[in-house]
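Q: Spelled out from the first residue to the last, the chains are:
2 protein chains.
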Amino acid sequence: MATGEILARKGQMVVMSGPSGAGKSTLCRRLLEDPRVHFSISATTRKPRTGEVDGRDYHFITPEQFRQLIREGAFIEHAEVHGNLYGTLRKPMEDALARGEVFLLEIDVQGANQLKLLGEPGLYIFVSPPDFETLRRRLVGRGTDAPEVVERRLKKAEDEYRERVKYDHVVINEDLDRALRQIRSLIGLE
Amino acid sequence: MATGEILARKGQMVVMSGPSGAGKSTLCRRLLEDPRVHFSISATTRKPRTGEVDGRDYHFITPEQFRQLIREGAFIEHAEVHGNLYGTLRKPMEDALARGEVFLLEIDVQGANQLKLLGEPGLYIFVSPPDFETLRRRLVGRGTDAPEVVERRLKKAEDEYRERVKYDHVVINEDLDRALRQIRSLIGLE
Chain U
1 MATGEILARK
11 GQMVVMSGPS
21 GAGKSTLCRR
31 LLEDPRVHFS
41 ISATTRKPRT
51 GEVDGRDYHF
61 ITPEQFRQLI
71 REGAFIEHAE
81 VHGNLYGTLR
91 KPMEDALARG
101 EVFLLEIDVQ
111 GANQLKLLGE
121 PGLYIFVSPP
131 DFETLRRRLV
141 GRGTDAPEVV
151 ERRLKKAEDE
161 YRERVKYDHV
171 VINEDLDRAL
181 RQIRSLIGLE
Chain P
1 MATGEILARK
11 GQMVVMSGPS
21 GAGKSTLCRR
31 LLEDPRVHFS
41 ISATTRKPRT
51 GEVDGRDYHF
61 ITPEQFRQLI
71 REGAFIEHAE
81 VHGNLYGTLR
91 KPMEDALARG
101 EVFLLEIDVQ
111 GANQLKLLGE
121 PGLYIFVSPP
131 DFETLRRRLV
141 GRGTDAPEVV
151 ERRLKKAEDE
161 YRERVKYDHV
171 VINEDLDRAL
181 RQIRSLIGLE
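Line order of the protein sequences matches chains U and P. Numbering-wise (the working numbering), the first sequence opens with residue 1 and increments by one. Numbering-wise (the working numbering), the second sequence opens with residue 1 and increments by one.
Read the hints as simulated data drawn from the structure, not as lab findings. Any given hint could turn out to be false.
Identical copies carry no separate label here, and so any pair may be met within one copy or between two of them.
[Claimed, not checked] In silico lysine-lysine, BS3-like type, Cα no more than 25 Å apart, as pairs:
id: 1; residue 1: K166; residue 2: K47
id: 2; residue 1: K116; residue 2: K47
id: 3; residue 1: K91; residue 2: K47
id: 4; residue 1: K156; residue 2: K47
id: 5; residue 1: K91; residue 2: K156
Given these sequences and hints, build the entire structure.
A: Put into structure tokens, the structure is as follows:
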């Protein structure tokens, strides 16, 4: 089965991680302007935030549904982040790769680590802020969240920042267009 | 299926977590002296350490085998710890619970969090050292590991210690026999 699986993969999985505030969501949005790029919609047990749409931003599901999907082997990875479960669905990935598309995953370092350790073939990109101080300013500067939320986010960002050595490529996002060109070139989109 | 699953459960799942050095392995070993208690053997991609036996301490498997087991929905939870994957197999648990036994899991807080978030019914026990300073002394005092290994273990222990509030019960392991009596009473073994 392993062989059939590899033969069927004409496309490429691209994993994008990086601390909150590094700009990876913006980069993913820009990459999606290319019709050859398909974006993974994660399933999560967390409640939708204002403006988030089910099936567009996430598949919002119950813990019981999440448990059933694990039982069916429907996830290629899943992880717990801040008290919620997040998972990447296998089916959309396999379909996109069979069509020869780029399957883009924006997942946290824990999920990316899992995929890498499982030997899931793909391009693992870490989007990094110019330095940790810049990131700290960006995260604190949002000013919309409670201090303990900012504190928790900073701690997680710091932990994530340390994980960048595990990735195939670290892209420094100082200038958005330059970072985008670099990533498109790594993927082979131009 | 959810109903059938619950009806079939005559036994009880007991999750034991706690920082390295809190004494949970010793407590688990003592609990296992009771024939009604069945211990979960995790699957892992990590290499066996000296003295560890496959099928007794862990099921040592390859990342490819681990990936296949995820695909089959064979795990009730799995997580990455220090660059290795660990998972709890569903089948032995369901068999033990159907037989009315206690199914004892010694897993890290990440795995326990996952199970709790998924709504997996069970008794969640956190084994705690008397205080964090005692733990620090125990971990440093082993003196058998490289400084960076001790450092990493301390950091993880500190992170885990903070998670104790999420458990149903925190058992302070100052006196082993007292801690054991407490746990046996929580499980309903006496």
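Q: Under a CA distance limit of 25 Å, which applies to K91 and K156: within one copy, between copies, both, or neither?
A: Neither way: K91 and K156 sit 30 Å apart in one copy and 34 Å across, limit 25 Å.
Q: With 25 Å as the alpha-carbon cut-off, assign the pair K166 and K47 to within, between, both or neither.
A: Answer is between: at 19 Å across copies they meet the 25 Å cutoff, but 31 Å inside does not.
Q: State whether the alpha carbon distance between K116 and K47 is at most 25 Å within one copy, between copies, both, or neither.
A: between (28 Å within a copy, 17 Å between copies)
Q: With identical chains treated as interchangeable, where does the CA-CA distance between K91 and K47 reach 25 Å or less: within a copy, between copies, both, or neither?
A: within (23 Å within a copy, 31 Å between copies)
Q: 25 Å Cα cut-off: does K156 pair with K47 within a copy, between copies, both or neither?
A: within (20 Å within a copy, 29 Å between copies)
When the structure is compared with the earlier hints, a violation turns up for hint 5 alone.
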